[in-house]
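Q: Top line first, the protein sequences correspond to chains Z and L. Taking the numbering used here, the leading residue of the first sequence gets 1, the next gets one more, and so forth. Taking the numbering used here, the leading residue of the second sequence gets 1, the next gets one more, and so forth.
Be aware that a few hints might be false.
[As the list claims (entries may be wrong)] Under the rule of at most 30 Å between Cα atoms (straight-line distance), these lysine-lysine pairs were calculated in the BS3-like manner:
id: 1; chain 1: Z; residue 1: K300; chain 2: Z; residue 2: K219
id: 2; chain 1: L; residue 1: K100; chain 2: Z; residue 2: K226
id: 3; chain 1: Z; residue 1: K226; chain 2: L; residue 2: K101
id: 4; chain 1: L; residue 1: K101; chain 2: Z; residue 2: K219
id: 5; chain 1: Z; residue 1: K297; chain 2: L; residue 2: K100
id: 6; chain 1: Z; residue 1: K300; chain 2: L; residue 2: K100
id: 7; chain 1: Z; residue 1: K28; chain 2: L; residue 2: K100
By construction, these hints were calculated from the structure, which means they are not laboratory data.
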Amino acid sequence: MTDVAAPPPTAIRRAPRAHTERAREERKLGWYLCAPAVAVMLLVTAYPLVYAVWLSLQRYDLRVPGDQAFVGLRNFVTVLTSELWWRDFLATTVITVLSVGLELVLGMGLALFMHRAVFGRRTVRTSILIPYGIITVVAAFAWQFAFTPDLGFVNTWLNTDRAWLTERSTSYLVITLTEVWKTTPFMSLLLLAGLAIVPEELQEAAKVDGATAWQRFTKVTLPTMKGAVLVALLFRTLDAFRIFDTVFVQTRGANDTETVSMLGYNQLINRVNLGVGSAVSVLLFLTVVLIAILFVKGFKADLGQVRGER
Amino acid sequence: MKVDRDRAFWTIGTVIIVAYALTPVAWIASLSLKTGDTLTDGRFLPRSISFENYRSIFESGEFVRPLRNSIGIALIATFFAVLLATLAAYAIARLRFPGKKLILTGALAIAMFPPISIIGPLFNMWRSLNLYDTWPGLVIPYMTFTLPLAIWTLSAFFREIPWELEQAAQVDGATPFQAFRRVIVPLAAPGVFTAAILVFFFAWNDFLFAISLTSTDSSRTVPAALAFFSGNSQFEQPTGSIAAAAVIVTIPIVILVLIFQRRIVAGLTAGAVKG
Numbered sequence: 001m002t003d004v005a006a007p008p009p010t011a012i013r014r015a016p017r018a019h020t021e022r023a024r025e026e027r028k029l030g031w032y033l034c035a036p037a038v039a040v041m042l043l044v045t046a047y048p049l050v051y052a053v054w055l056s057l058q059r060y061d062l063r064v065p066g067d068q069a070f071v072g073l074r075n076f077v078t079v080l081t082s083e084l085w086w087r088d089f090l091a092t093t094v095i096t097v098l099s100v101g102l103e104l105v106l107g108m109g110l111a112l113f114m115h116r117a118v119f120g121r122r123t124v125r126t127s128i129l130i131p132y133g134i135i136t137v138v139a140a141f142a143w144q145f146a147f148t149p150d151l152g153f154v155n156t157w158l159n160t161d162r163a164w165l166t167e168r169s170t171s172y173l174v175i176t177l178t179e180v181w182k183t184t185p186f187m188s189l190l191l192l193a194g195l196a197i198v199p200e201e202l203q204e205a206a207k208v209d210g211a212t213a214w215q216r217f218t219k220v221t222l223p224t225m226k227g228a229v230l231v232a233l234l235f236r237t238l239d240a241f242r243i244f245d246t247v248f249v250q251t252r253g254a255n256d257t258e259t260v261s262m263l264g265y266n267q268l269i270n271r272v273n274l275g276v277g278s279a280v281s282v283l284l285f286l287t288v289v290l291i292a293i294l295f296v297k298g299f300k301a302d303l304g305q306v307r308g309e310r
Numbered sequence: 001m002k003v004d005r006d007r008a009f010w011t012i013g014t015v016i017i018v019a020y021a022l023t024p025v026a027w028i029a030s031l032s033l034k035t036g037d038t039l040t041d042g043r044f045l046p047r048s049i050s051f052e053n054y055r056s057i058f059e060s061g062e063f064v065r066p067l068r069n070s071i072g073i074a075l076i077a078t079f080f081a082v083l084l085a086t087l088a089a090y091a092i093a094r095l096r097f098p099g100k101k102l103i104l105t106g107a108l109a110i111a112m113f114p115p116i117s118i119i120g121p122l123f124n125m126w127r128s129l130n131l132y133d134t135w136p137g138l139v140i141p142y143m144t145f146t147l148p149l150a151i152w153t154l155s156a157f158f159r160e161i162p163w164e165l166e167q168a169a170q171v172d173g174a175t176p177f178q179a180f181r182r183v184i185v186p187l188a189a190p191g192v193f194t195a196a197i198l199v200f201f202f203a204w205n206d207f208l209f210a211i212s213l214t215s216t217d218s219s220r221t222v223p224a225a226l227a228f229f230s231g232n233s234q235f236e237q238p239t240g241s242i243a244a245a246a247v248i249v250t251i252p253i254v255i256l257v258l259i260f261q262r263r264i265v266a267g268l269t270a271g272a273v274k275g
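Please put together the full structure from these sequences, using the hints given.
A: Encoded structure:
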């Protein structure tokens, strides 16, 4: 600042004050404009979350009125030592891994198709938005009916009389299929946005060097868009881990398909056991936070690597 | 020759993807058009077309009232979420004030966390505040859970608006209000609309809040009602009714997608790529 010519004395005296006053006004307006949204988010999510933690430390069963007491971590012990929690945790993990894995592969194919398509891009984009927008419960019913014996077309086409939703492995199959159908479009749109940032010159250069299409994809495209892939995976994994609607409609948790969200729902709403139910919700919340942290860590490591290489 | 082969490849690809996306929708539509005695024939397409299922669901309060609830609750939630998000996003995009980053990060955290973790407290609070089983009881969680998405989409959008145009219009003699109405509103409207569509999709789709925070038809929405549909008689499977109701509630989605596909895609990816 020293080599800047000094402004006239009057301006020196006035400028800072005008500047800070204006800045203060701007700050105030900014806060006022954000206040309603922030207040709503705090009241309806942050406060209930704290309340849930408090509830999880209480013995609080609405079926036994008047019997409410602080019990420390006892509800967590109850949940974590129950077979049910671990069975549901496993089911949720299996469904998450299966569906997100499949979605990544299919979504990438779909994204590449839309990225390269010479024509039909608009048609494809419009039609895949239908699964994205459709009500999950409706999608769950559509697939359930399709696989129901004597009702659905699947058995007619495959010429069997299999009762898909009464067996464990095939229940997982139908649930995963429904989830994949419904959410692959979202994944593919995120990946498509990532593909758009891969510079065309890099592709051309690799082509000139004699790289095959597969080599170009794995050595050029994927590393460049790693960030977008991780963001898409993070969004979908967190979303998949709280799966509720599809399983509720299709099996109601039968054949060991009950998920952690359903366990929480059953405890809280059906059994009105707010203590144990809240412990389940808090544990699910912590799991989701843990998944997010792991992803963000991986994300940072990758970014560092990319920067290091350059 | 090569051009022909290319053309064939992209055409076949397009057909496969469209079939993938639309088969379940076509299937549920076909089910809804079957008659009671051909419902269980296991064929993909109906032998004859009947609107019996539609007539029956529109005659029963079991569907009409939830449909009214769904439309009302989703529209009100959309209105308030977009209103609050527009104010906040405008400030975030245009003004300088501390705490901006905190708001965006906090909003992102909310968007990620599982709704089930606040179901218990909301259930308990709503019972004591007399919000259980009412429209506001669902409007409030819907607008809250969609605020983050709306704020992210809108602030990404508002950043791209050339705000100098507003001053330019004023220099040209327009009043501040005219400048705002004629210049800024038309520029901002597409973004606001995009956010509104995404919020509407969420509220229209939700199932968990709807079954946890309602108990009767006075506020139960269609997704929740579908899961508890009982059919005309105890012995009749309500498959036909469910299929018909499913088609009715899918129609608004299809219309929105057909008209606004470009904006929906832009809105969905705006926050994600920059975040």
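Q: All the hints need checking, so say for each whether the structure fits it.
A: Okay, the hints, checked on the actual structure:
no., hint, in the structure
1, K300(Z) with K219(Z), "holds, 20 Å"
2, K100(L) with K226(Z), "holds, 27 Å"
3, K226(Z) with K101(L), "holds, 24 Å"
4, K101(L) with K219(Z), "violated, 35 Å"
5, K297(Z) with K100(L), "holds, 24 Å"
6, K300(Z) with K100(L), "holds, 23 Å"
7, K28(Z) with K100(L), "holds, 12 Å"
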